[in-house]
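With the hints as constraints, model all of the structure from the sequences given.
There are 2 protein chains.
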Amino acid sequence: MPLPHGKNFVAGCLRESGRTYGARSPLDGITLPGAFCMASPNDVDSAMEAATAAASTFALTTGETRATFLERIGEEIMGLGDSLIERAHAETALPLARLTGERGRTVTQLQLFAAMARDGSWVDARIDPAIPDRQPLPRPDLRRMLRPLGPVVVFGSSNFPLAFSVAGGDTASALCTGNPVVVKVHRSHPGTSELVAGAIQRAVESCHLPAGTFSMLHGEGSVIGTALVTHPATRAVGFTGSRAAGRALCDAAANRPDPIPVFAEMSSLNPVFLLPGALADRAGEIAKGFAASMTLGVGQFCTKPGLVFGIEGALLDSFMAGVAEAITAVAPASMLSGDILTAFEHGRDTLSGEAGTTVVARSAAAADAMKTEAAAILMRTDAETFLARPSLAEEVFGPFSLVVKCHSTEQLATLARGLDGQLTATIHGTSEDLSTAGDLLAILAAKAGRLIINGWPTGVEVCHAMQHGGPWPATSDARFTSVGSAALKRFIRPVCYQDVPQSLLPDALKDGNPLGIMRMVEGIVKRH
Amino acid sequence: MPLPHGKNFVAGCLRESGRTYGARSPLDGITLPGAFCMASPNDVDSAMEAATAAASTFALTTGETRATFLERIGEEIMGLGDSLIERAHAETALPLARLTGERGRTVTQLQLFAAMARDGSWVDARIDPAIPDRQPLPRPDLRRMLRPLGPVVVFGSSNFPLAFSVAGGDTASALCTGNPVVVKVHRSHPGTSELVAGAIQRAVESCHLPAGTFSMLHGEGSVIGTALVTHPATRAVGFTGSRAAGRALCDAAANRPDPIPVFAEMSSLNPVFLLPGALADRAGEIAKGFAASMTLGVGQFCTKPGLVFGIEGALLDSFMAGVAEAITAVAPASMLSGDILTAFEHGRDTLSGEAGTTVVARSAAAADAMKTEAAAILMRTDAETFLARPSLAEEVFGPFSLVVKCHSTEQLATLARGLDGQLTATIHGTSEDLSTAGDLLAILAAKAGRLIINGWPTGVEVCHAMQHGGPWPATSDARFTSVGSAALKRFIRPVCYQDVPQSLLPDALKDGNPLGIMRMVEGIVKRH
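Going down the list, the sequences are from chains A and B.
Taken in order, the first sequence gives residues 368 to 895; the numbers are from the working numbering.
Taken in order, the second sequence gives residues 368 to 895; the numbers are from the working numbering.
FYI, nobody ran anything at the bench for these hints, they're computed from the structure.
These numbers come from a predicted model, not from an experiment.
As the list makes no split between identical chains, a pair holds if one copy fits it or if it spans any two.
Calculated lysine to any residue pairs in the SDA-like style (CA-CA distance at most 25 Å, straight line):
#: 1; residue 1: Lys738; residue 2: Ala659
#: 2; residue 1: Lys738; residue 2: Tyr388
#: 3; residue 1: Lys856; residue 2: Lys893
#: 4; residue 1: Lys877; residue 2: Asp806
#: 5; residue 1: Lys877; residue 2: Glu799
#: 6; residue 1: Lys655; residue 2: Pro499
#: 7; residue 1: Lys655; residue 2: Arg506
#: 8; residue 1: Lys655; residue 2: Gln502
#: 9; residue 1: Lys856; residue 2: Asp491
#: 10; residue 1: Lys877; residue 2: Ser798
#: 11; residue 1: Lys877; residue 2: Asn821
#: 12; residue 1: Lys877; residue 2: Ser802
#: 13; residue 1: Lys877; residue 2: Pro507
#: 14; residue 1: Lys856; residue 2: Ala426
#: 15; residue 1: Lys877; residue 2: Thr803
#: 16; residue 1: Lys893; residue 2: Pro881
#: 17; residue 1: Lys655; residue 2: Asp500
#: 18; residue 1: Lys856; residue 2: Cys830
#: 19; residue 1: Lys856; residue 2: Gly788
#: 20; residue 1: Lys738; residue 2: Leu463
#: 21; residue 1: Lys856; residue 2: Arg506
#: 22; residue 1: Lys856; residue 2: Pro507
#: 23; residue 1: Lys893; residue 2: Leu427
#: 24; residue 1: Lys877; residue 2: Cys830
#: 25; residue 1: Lys893; residue 2: Glu431
Encoded structure:
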């Protein structure tokens, strides 16, 4: 692996600073090569000013230009070869195969947004032509399309060092729609971030885009993160991380003289409801699927199922026995960082310390603290305890889940009604179970962004129909998603052009539809 | 006019309280019939709890049911006949003809949203079918649609007592998409509000909808308004009013344990840029159009042009002379309320008190304070003064505008670049002017929600292509609009259904498209 230069990327320039930090590998606790420069307030100003300067030019680029740019980023990332995967592995302890898959997902995601940019229909063009002879007043010619908001600040997240970090979904959706991006690095994978930033930087240059289109800064969230969110030039924020950090950013944005939108994806328990028929049919199979989903990526998925509701009795016991068997066999594995392991242990210990909770099973092998390892753990409680102790409904990030034993299907619905907002909610049931579960489904549809029947929430497809966003505290604004093509809606706003001559109209709104995009003309949507 | 009962509408029941207030007519300062009951915290709880109870049932109504409901509201409003117009006139001093027109607009708006509900395509259904044999993992069946957020709190605004109040655009767009509504009455037109609430109430009953679908409460914004915005059951807020009140509501919503979205439409100067060729061609005509737009509805439109930029010289002088002539002849007229007149006078006096500002003209006739009258006034300043004194860029709500004399077209662009967010921005120019005004247009597209060429901003069409929302402080979230069919996007969120059996899917997502709506299937949008 080449030695990282450790500098900040400020609009095409590499900037050093005196204060540096290093990356420690969770695999062995040893500091990795590279000293990464903490950005200064001056770097923040420079990056945001360059982004502002770039914004109008970048907003006016064609969809084809932005598509080529996004594809080029993908090619440059692939061009980094094994060195990217190896550095990411050293920094995050995620397995090489997982990181290879995540790289593929990241590139596919860039290609999806490239396709959106190239097609151009995302601008949601709407044309209501003039009615000069309307009484009592003529109607003017009105044409509306979506335009970029301006510079977007993106926070790299720890758990997907490629797909939700420097060139992840937030960056891709902001760039797709013509917004410059300034990334705040997640300190747990600075070397990975530097490699990906270099890929983006080369793509900016080879596509002849303004230098301010992309910057990336190292620094503490509470200092550089806050400075970026409160900077006058920042127009929107994308964040994936903890509830406390997300709330702090939302508050900082809301307290600006001019509040700006923040999409923060924060905290979700992803409850699973096990209906009796399903357990009678296939308790063992459900247990295996659940254990795999709960421990996938050492439980470090935002969509990890952290809460299970079932009806007490032999069937639920059999499910728990199956999970126990699987979990006992799960080897402890390294978490993303020492901080994350500490938070996991704290959450787990808080919950195990609550009266009325019992450990069902944990990994048989001991976790090695030197390797930042966490052992998987399943606990159980009863509905009364769950209702009485709100801390049991707090997310424990890592390979942890809690089974809540209920008395009846009615109580399942009651507990569902009391849940906070969620990214996902899952039901396992037979056709017969489901035929009487309409109420539960309706309750969960009001709580979660995605409902899953007889599956697991940890797979999050990158497609048009995906919704990765739910009511608070799952995300800060349930009207948006951070995964899938609709993610670009976070960073755009409508502009209406009234009686603007053809020559001054954006191509998307011109007569004859020169871009060939889908448009709504007098309420009818088609390529006209 | 029948005597108002003065009670709060709480989910189908009329509730009294001890503390009441009256409406004073701005026409003569005399208190109008009716004692209106201040809602209690208990009324807030009851209304919100009933709205929550109604939400799931109302969310599941068909588009046809909600369309019929919205149309019925319109019919009931028309059925109120002259008594509605007369009461609104007495409470707001707006002319009978204007109010008749506004009633028509309100009913048309309800019909537009009825058509949206009936068509059903607003749910933006997206289907990505399963790919069972995909490698390395199968793709599940993913289907996504927009669903209501839940109870929406709507604040009646003073300046459109019908179109932006109890049954205005916020209410119509929330009901169209299946959200119960709780309206906070604007205290300047409580009798009008009661009449319209009665119309909605009758429509709720005749359509057999849950009682909690609609409530309406009287009370102070700082008490009842805040209680509604911070109530745990409230899922979103629609507001049109002052910048201070809007900011207070945004802050209250952002400080909740679970922040909720607020669409607040607050403050806009609606700048007008006069290019030299246009003034050379038709300074007199532009002056007349401008004076009419600036004084329309006694300057009480959110889109009133409050700021004019032109290049100093004979042409601009000739424009100002034309406006002066028109304004001198404009009779002082009653504003909506004593409070609004006081705020107008304060703003006007603050600006006239600034060194470097000069009164160009005002209404020749004296304003009658007993009739809450305001005289129209035009002022001027130069670019240096404007840049040096930020108070000159604050909205004065009422028949006031400020002309800023610039040195060059370059300076027009510089001043445009320094503006806050706006609802609208207008350019007057010949083809030749406009051929070199691309920069100015691009700057204004980044500042405003609507750009107008050679027209006036005060007409706001209710149609698909309208955008009534711009960057802060024009509105709290520029990604949304409060006028036009897209206004409904404020109150909905996507829900994704993964592997959900056909029988449990909403009709909008079922195979065969039983509702016949526009859907995106594997990225292709059509009625399939």
